[in-house]
Amino acid sequence: MNCYNEQQIFDFINKELPDSDLRFIENHLQKCSICKDLYEEKLEEINSLVTSIHDFNKSAIYIPEFIFPKKPQFKRDYRFKPLLIMSIAASIIFIISISILLNSTKNTPPFDLELIQMEQDNVISDMNESWHNRDLIFTQFDEETGKTEVFLN
Amino acid sequence: MNKLEFTHIYQTLYPLLFRYIYRLHRNEESSKDICQEAFLKLYTETSEGKKIEFIKSWLFKCATNDFLNRIKRNQIITFEPYSIKSEAFEIQNPEEKYIKTERLRHLEYVINKLKDNEKQLIYLYQDEFSYAEISEITGIKLTSIGKTLSRTIKKISTQLQNTKSYELL
Numbered sequence: 612m613n614c615y616n617e618q619q620i621f622d623f624i625n626k627e628l629p630d631s632d633l634r635f636i637e638n639h640l641q642k643c644s645i646c647k648d649l650y651e652e653k654l655e656e657i658n659s660l661v662t663s664i665h666d667f668n669k670s671a672i673y674i675p676e677f678i679f680p681k682k683p684q685f686k687r688d689y690r691f692k693p694l695l696i697m698s699i700a701a702s703i704i705f706i707i708s709i710s711i712l713l714n715s716t717k718n719t720p721p722f723d724l725e726l727i728q729m730e731q732d733n734v735i736s737d738m739n740e741s742w743h744n745r746d747l748i749f750t751q752f753d754e755e756t757g758k759t760e761v762f763l764n
Numbered sequence: 021m022n023k024l025e026f027t028h029i030y031q032t033l034y035p036l037l038f039r040y041i042y043r044l045h046r047n048e049e050s051s052k053d054i055c056q057e058a059f060l061k062l063y064t065e066t067s068e069g070k071k072i073e074f075i076k077s078w079l080f081k082c083a084t085n086d087f088l089n090r091i092k093r094n095q096i097i098t099f100e101p102y103s104i105k106s107e108a109f110e111i112q113n114p115e116e117k118y119i120k121t122e123r124l125r126h127l128e129y130v131i132n133k134l135k136d137n138e139k140q141l142i143y144l145y146q147d148e149f150s151y152a153e154i155s156e157i158t159g160i161k162l163t164s165i166g167k168t169l170s171r172t173i174k175k176i177s178t179q180l181q182n183t184k185s186y187e188l189l
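Chains S and V, in that order, are what the protein sequence lines are.
Residue numbering for the first sequence follows my numbering, beginning at 612 and increasing consecutively.
Residue numbering for the second sequence follows my numbering, beginning at 21 and increasing consecutively.
Bear in mind the hints are in silico, worked out from the structure with no lab data behind them.
Check the hints yourself; a few may be wrong.
Taking lysine to any residue and the SDA-like style, the derived pairs with C-alpha atoms no more than 20 Å apart in a straight line are [claimed, not checked]: (1) V/LYS23 - S/PHE677; (2) S/LYS626 - S/CYS614; (3) V/LYS133 - S/PHE677; (4) S/LYS681 - V/LYS120; (5) S/LYS626 - S/GLU637; (6) S/LYS626 - V/ASP147; (7) V/LYS76 - S/PHE677; (8) S/LYS681 - V/GLN56; (9) S/LYS681 - V/LYS174; (10) V/LYS135 - V/GLU156; (11) V/LYS133 - V/SER150; (12) V/LYS120 - S/LYS647; (13) V/LYS52 - S/ILE657; (14) V/LYS175 - S/GLN618; (15) V/LYS174 - S/PHE677; (16) S/LYS681 - V/LEU60; (17) S/LYS647 - S/SER663; (18) V/LYS175 - S/GLU656; (19) V/LYS71 - S/ILE664; (20) V/LYS23 - V/GLY69; (21) V/LYS52 - V/MET21.
Covered stretches of chain V (in silico footprint by chain S; criterion: 3 or more residues with CB under 8 Å from a CB of chain S, positions within the stretch not fixed) [claimed, not checked]: (22) 22–36; (23) 59–68; (24) 83–92; (25) 119–130; (26) 162–176.
Listed next, with one range per pair, are the computed distances between beta-carbon atoms [what the hints assert, rightly or not]: (27) S/VAL661 - V/TYR118: 36 to 46 Å; (28) V/LYS133 - S/VAL661: 14 to 24 Å; (29) S/ASP632 - V/ARG171: 15 to 25 Å.
Glycine is no exception: its CB is placed at the ideal position from the N, C-alpha and C atoms.
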């Protein structure tokens with residue numbers, strides 16, 4: 612005969628087992644004196660504790676009147692309201708300053724582009740000058756002697 | 021849920037909820053606050069059309085969470101003396117009265133030494149909640165409820181036997 616442990620007996624007392632298990636244990640308790648003793652011991656332990664705790668109860672509990680809210684309360688989170696206002700203001704200021712900056716740059720001549728253009732012109736004029744001042748070198752190879760002669764213009 | 025239905029629920033469940041919260045920390049004022057908050061939340065949510073299937077468990081869960089949050093934020097002062105039910109003092113026999121009072125003092129001492137979740141379990145069990153409801157309220161796994169409860173009851177019984185009277189002073 613399989614006996615039941617303390618936990619199973621405890622769950623049986625609380626009726627926290629499937630119906631079939633409850634019936635099995637109930638039948639078993641009628642036949643087995645060991646389990647029956649354990650059952651009675653557990654039951655006594657539980658009842659004693661539950662009644663004792665019950666004595667801690669306040670003798671009379673006053674039920675205050677419930678005041679119904681006028682409208683159903685909707686949750687609104689106001690914690691970030693100042694932060695929200697500040698971020699909106701900052702973004703407006705940012706947009707305005709960007710637009711001002713863009714307008715001002717549109718009217719002024721492109722100074723950087725002018726500089727680049729001047730540099731390019733200088734480079735081209737330098738190249739032209741060096742082309743005019745170039746030195747021409749002619750070379751002549753003598754097949755008989757096998758020597759190369761160099762002439763400047 | 022209309023006002024009449026809500027009032028009926030309030031009248032029925034308020035004493036149970038108050039007693040549970042009060043026993044956890046024994047502070048009458050904050051217990052009242054927690055109960056009011058829980059019922060107000062229930063009313064607000066049901067007015068907004070939310071369907072709550074198990075109102076009793078929902079209320080207890082809501083109040084327990086509020087209680088734990090207040091404990092975390094140190095908003096609760098605990099340990100007012102227990103007001104022991106007047107029946108305990110209606111006993112005429114002085115010897116019997118002494119024995120009962122001593123037993124309650126022992127029990128109070130032992131329960132105070134329990135962890136918060138163990139206290140919750142014991143009080144919910146005493147209020148005849150099922151394992152499933154206790155699990156929902158406390159957040160402890162359903163499969164662990166029976167074991168933890170059984171262990172806690174065993175612990176209380178053992179400590180009740182081992183606690184000496186001089187320890188209570």
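Exercise. What are the numbers of the hints the structure violates, in ascending order?
Worked result: Going through the list in order, the structure violates hints 3, 4, 9, 11, 12, 13, 15, 17, 19, 21, 24, 27 and respects the others.
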